[in-house]
Structures are given as structure tokens and as C-alpha cells.
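Novice: Based on the sequences and whatever the hints tell you, model everything.
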Amino acid sequence: MTQEIRFNLNGSDTVYTGNPADRLLDVLRNELRLTGTKCGCKEGECGACSVIIDGKLINSCLVAMGSLEGAKVLTIEGCTKTPQFAALDKAYESVSAVQCGFCIPGMIMASQCLLANNPHPSEAEIREGISGNLCRCTGYNAIVKAVGTAAEEGNGLW
Amino acid sequence: MVTSFTPRSLDEAIRLRQKPELTPYTGGTDLMVNPNEDASYLFLHRVPEMKRIVEDGEYIRFGAACTYTEVIKHPLTPNILKEACLKIAAPAIRNAGSIGGNIANGSPKADSALIFMVADAKLRLCSAGGERLVPIKDFYLGRKKLDLRPDELLVEVLMPRHGLDNYYHVKVGARNALAISRVSFAGIMDIEDGKIRRCATAFGAVSDVIIRLDQIDQMLDGKTISEAKELKSAYLSAMDEAIVPIRGRVGIEYRKDVCMNLLRDFLEVNGI
Ligand SMILES: Cc1cc2nc3c(=O)[nH]c(=O)nc-3n(C[C@H](O)[C@H](O)[C@H](O)COP(=O)(O)OP(=O)(O)OC[C@H]3O[C@@H](n4cnc5c(N)ncnc54)[C@H](O)[C@@H]3O)c2cc1C
Ligand code: FES
Ligand code: FES
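Line order of the protein sequences matches chains A and B.
Residue numbering for the first sequence is 1 to 158, as defined by the numbering used here.
Residue numbering for the second sequence is 159 to 430, as defined by the numbering used here.
Because the hints were derived from the structure by calculation, they are not lab data.
Note that CB positions come from ideal geometry on N, CA and C, so glycine has one too.
Don't take each hint at face value.
[Stated by the list, open to error] Derived BS3-like pairs: lysine-lysine, alpha-carbon spacing no greater than 30 Å straight-line:
hint : chain 1 : residue 1 : chain 2 : residue 2
1    : B       : K303      : B       : K245
2    : A       : K145      : B       : K231
3    : B       : K245      : A       : K72
4    : B       : K414      : B       : K381
5    : B       : K240      : A       : K72
6    : B       : K245      : A       : K56
7    : A       : K145      : B       : K353
8    : B       : K231      : A       : K72
9    : B       : K209      : A       : K56
10   : B       : K209      : A       : K72
11   : B       : K231      : A       : K56
12   : B       : K267      : A       : K56
13   : B       : K381      : B       : K303
[To be verified] Here are some chain B residues the structure puts well away from chain A; computed CB gaps all over 10 Å:
hint : residue
14   : V191
15   : H203
16   : R204
17   : I230
18   : E241
19   : A247
20   : I251
21   : L291
22   : K302
23   : L306
24   : K353
25   : M377
Specialist: Here's what the structure looks like:
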């Protein structure tokens with residue numbers, strides 16, 4: 001029941017040997033122990049499982065492993081090594097945008113993707129960029145502010 | 159043995175489609191909500207012929223594997239389609255979900271399919287034996303029943319190039335993976351020199367398939383606005399009779415009222 005799937009994970013070439021119908025989210029968390037990617041719904045509704053595949057924000061719960069042949073996958077673990085993350089981290093902290101933290105890895109991935117495509121987003125564009133990421137704690141305003149701050153402070157990074 | 163394939167050309171994809179055990183998979187945003195661990199997938203997102211958006215004399219040709227994000231960004235995409243795609247879910251779903259998956263999933267709630275219906279788009283279906291061009295309206299045979307043979311792939315969606323500018327589109331209620339009921343409506347009133355060249359309407363999330371009553375809409379074709387006004391009550395009562403909502407989470411009467419209100423508003427904004 002197994003097949004070899006070759007892809008790049010956080011900068012390293014990786015071979016996954018398993019069922020190509022497996023969900024990326026399950027493989028990340030249960031087999032590769034990359035538990036920064038969270039599981040909130042497995043239905044594409046919450047965004048806690050967000051990763052970046054070939055430069056695009058994707059819900060890893062809706063990805064079959066087989067579709068990754070030749071793809072580049074970035075998870076929050078890979079993202080934390082970048083200067084862009086440092087700017088986001090600082091901005092989120094400076095406006096106290098984190099409460100329980102469950103949604104935050106997904107929020108960071110969405111923030112990173114948004115700023116990579118649009119380095120100076122308006123407030124409406126920030127809200128749209130994180131519209132697939134649910135947060136039960138913050139009411140979003142602090143997160144929106146954090147992304148705006150990161151865009152200003154990290155000027156030139158994106 | 160579960161084996162999946164990622165073809166890199168249309169020929170290869172069509173050849174692999176002859177294996178009945180393979181399930182076509184484009185963005186996975188419908189398939190992976192209830193994933194089947196035993197499925198063998200035919201991944202279509204790396205077939206270049208299915209990722210293109212090009213035009214010919216008559217049509218804009220959308221590759222079936224184009225994602226919403228790709229459709230929204232493309233300069234050839236008509237505004238009616240762009241606007242409907244922007245209203246779909248959130249960025250991550252739009253980055254993965256494809257128009258081909260939306261059409262082939264067969265849901266009456268499918269938002270891009272609604273637009274292709276009102277535009278009278280055609281579907282290019284290919285198999286090893288050849289290809290056929292099917293009007294999208296004829297593709298939907300009934301609840302989750304498609305005119306798609308098990309050896310065929312939806313390869314392109316052909317949308318007419320002209321006559322789509324004067325449109326009306328409304329999506330009532332939220333959409334999420336749990337298929338919360340709502341109503342969607344799209345209308346096109348192509349008017350030239352005071353005459354209606356083409357009137358077209360489509361209703362989503364109301365019946366087993368998207369409702370497209372083209373014969374009733376044609377009552378208004380070729381008419382001036384004042385002639386259309388005279389026909390208005392006959393047109394509306396024909397529509398009222400023909401739109402039959404199926405049972406759903408939201409009441410039948412409510413959905414019927416919403417349909418008729420949207421239809422009346424569509425006529426009114428066009429002076430009818
Ligand atoms: C959170 C969430 C929100 C959503 N919101 C919306 C919304 O607002 N509006 C809306 O319309 N939809 C919505 N959807 C549904 C879904 O995203 C869309 O229907 C999407 O277009 C499906 O495309 P896909 O490429 O992901 O399809 P897949 O899941 O890959 O495939 C869907 C079906 O089509 C078949 N198929 C795919 N490609 C082909 C082909 N080329 N030839 C033949 N068969 C094919 C597959 O075998 C499968 O049966 C939502 C889904 C989620 C999870
Ligand atoms: S776990 Fe993937 S979107 Fe919620
Ligand atoms: S901080 Fe708790 S869910 Fe966002």
C-alpha cells in the first residue's frame with residue numbers, strides 16, 4: 001500500500017514512503033513530529049493547519065501526500081528560521097496579539113504569504129488575507145495590527 | 159495496491175484515465191473533506207494543458223485545473239467570473255480549489271459552475287477515444303449525476319468572449335465545507351441599442367442541479383425594454399411555476415421567495 005513521494009520540506013529533500021492518499025497534516029504531525037502545524041477541524045474551515053506549498057497558502061488537512069510529488073512545502077518550523085519570521089514574531093509580541101496561541105502558527109503562515117504577495121497591505125487586505133484563519137481568543141484586531149506593524153517595521157524584507 | 163499518478167501531459171493524463179480505479183484529483187478541497195484512504199488518485203494539477211487560460215475567436219478557454227486564484231488574477235477573466243471567484247471561501251481554499259473540481263463535483267451550490275451556467279459555457283471532455291464539447295447545462299443530469307464517462311476528463315471550460323458585461327450576481331448566506339444552505343443567483347442582460355440580445359439566469363443551491371431555465375429566459379430575447387415590461391408578469395409567473403426548490407436545511411418557501419425577489423431585482427435594475 002505504499003509509494004515513494006519526493007518533495008522538499010523546509011529546504012530539505014524528503015522522501016515520504018506511505019499511502020499517497022494520506023493527509024499532509026497527519027503526516028506532518030504524527031509521523032514527522034512537526035507539531036507546530038495545528039489541527040482544528042480537518043475541513044478547511046479553521047486555517048490552523050496552514051502551510052505554504054510552492055509559495056501559496058494551503059490548508060494541509062486538505063492535501064493528499066501524493067499531490068506533493070516535486071513540491072516545496074514550508075511549515076511553521078521552517079518559517080521560524082527566516083528573517084521575515086523574526087519581524088512577524090516581534091510585531092505579534094509588541095501588540096500582544098497572542099492569547100492561547102493555537103491559531104498562531106497558521107496566522108503566521110497566512111501573514112507571511114500575504115506580505116510576500118503584498119508588502120504594504122491595507123487593513124481590509126490584511127483582514128482578507130487572514131480570513132481563512134479562525135481565532136477564538138483575540139477578536140482579530142490585535143492580529144491585524146501585528147501584521148500591519150510587521151509590514152512597517154520589516155520594511156524591505158518582503 | 160494503492161498507487162497514484164501525477165501525469166505531466168494531457169496525453170498521459172488521458173491514457174491513465176482509462177484505469178477505472180483512479181479518481182481524478184485537482185485541488186482536493188472537495189475530496190479531502192471526507193478522504194478515502196483506499197483511493198488511488200490521478201493528480202491533475204501538473205498537466206500544463208489543464209492549467210492554461212487562452213482565447214480563440216469565440217471563447218475564453220479555461221483549463222479545468224486552474225485554481226480560483228489563477229482565474230481571478232488572469233487578465234482574460236471576465237468580471238462576472240472574477241467577482242464570483244472572489245466570493246468563494248478564503249485565500250487558502252482559492253489557492254487549491256479548481257474550476258474543474260467545482261464543476262465535476264456536481265454540487266448545485268458550486269459558485270463558479272453557476273457562472274459557467276449563466277454564460278452557457280461548454281465543457282471539453284476528453285478520453286482516449288476522442289473528445290466532445292458539451293453545453294454545461296446538459297452536463298448535469300440529476301442529483302450528483304453527470305454526463306461524464308468513467309474514462310473521460312474535463313479538460314477545458316469554454317466561456318463565450320462577448321455579451322457577459324451586464325451581469326448581476328448575489329450569493330445569500332455563508333458557505334462552508336458543511337454545505338450550509340443558501341441561495342445564489344446570477345443573471346446576464348445583454349442589451350444593445352435598446353434591445354435585449356440575450357437574457358440568461360441561473361439559480362444555485364435551490365434544486366438538485368443549478369437551475370437554468372433558458373427557454374423561459376428566451377421570452378425576453380430580441381425585445382425592447384418596454385416590450386419586456388409588458389411580458390414581465392408572464393415571464394415571472396412562468397419562472398415561479400418552474401422553480402421548484404428541493405428540501406434542505408433552509409425552508410423551501412424561504413428559498414423560493416429569495417429566488418423570486420432576486421429575479422425581480424435583476425429585472426428592475428435593468429429597467430424592466
Ligand atoms: C472550507 C471550504 C469552503 C468552500 N467554499 C466554497 C464556496 O464558497 N463555493 C464553492 O462553490 N465551493 C466551495 N468549496 C468547495 C470546493 O472548494 C470547490 O468545489 C472546489 O472548486 C473544488 O475543486 P478541487 O480542485 O479542490 O476539487 P477536487 O476535490 O480535487 O475534486 C472534486 C471532484 O471533481 C472530480 N474532478 C476534479 N477534477 C476533474 C477533472 N478535470 N475531470 C473530471 N473530474 C474531476 C474529482 O474526482 C472529485 O469528484 C469549499 C470547500 C471548503 C473545504
Ligand atoms: S484543520 Fe485544516 S483548516 Fe482546520
Ligand atoms: S489566540 Fe487563541 S485561537 Fe487565536
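Novice: Work down the list of hints and note, for each, if the structure agrees.
Specialist: Results for each hint:
no.	hint	result
1	B:K303 <-> B:K245	holds, 26 Å
2	A:K145 <-> B:K231	holds, 27 Å
3	B:K245 <-> A:K72	holds, 28 Å
4	B:K414 <-> B:K381	holds, 27 Å
5	B:K240 <-> A:K72	holds, 28 Å
6	B:K245 <-> A:K56	holds, 19 Å
7	A:K145 <-> B:K353	violated, 51 Å
8	B:K231 <-> A:K72	holds, 22 Å
9	B:K209 <-> A:K56	holds, 16 Å
10	B:K209 <-> A:K72	holds, 19 Å
11	B:K231 <-> A:K56	holds, 14 Å
12	B:K267 <-> A:K56	holds, 26 Å
13	B:K381 <-> B:K303	violated, 36 Å
14	V191	violated, 5 Å
15	H203	violated, 7 Å
16	R204	violated, 7 Å
17	I230	holds, 12 Å
18	E241	holds, 14 Å
19	A247	violated, 7 Å
20	I251	violated, 6 Å
21	L291	holds, 29 Å
22	K302	holds, 20 Å
23	L306	holds, 21 Å
24	K353	holds, 40 Å
25	M377	holds, 40 Å
Checked against the numbered hints listed earlier, the structure breaks hints 7, 13, 14, 15, 16, 19 and 20; every other hint is satisfied.
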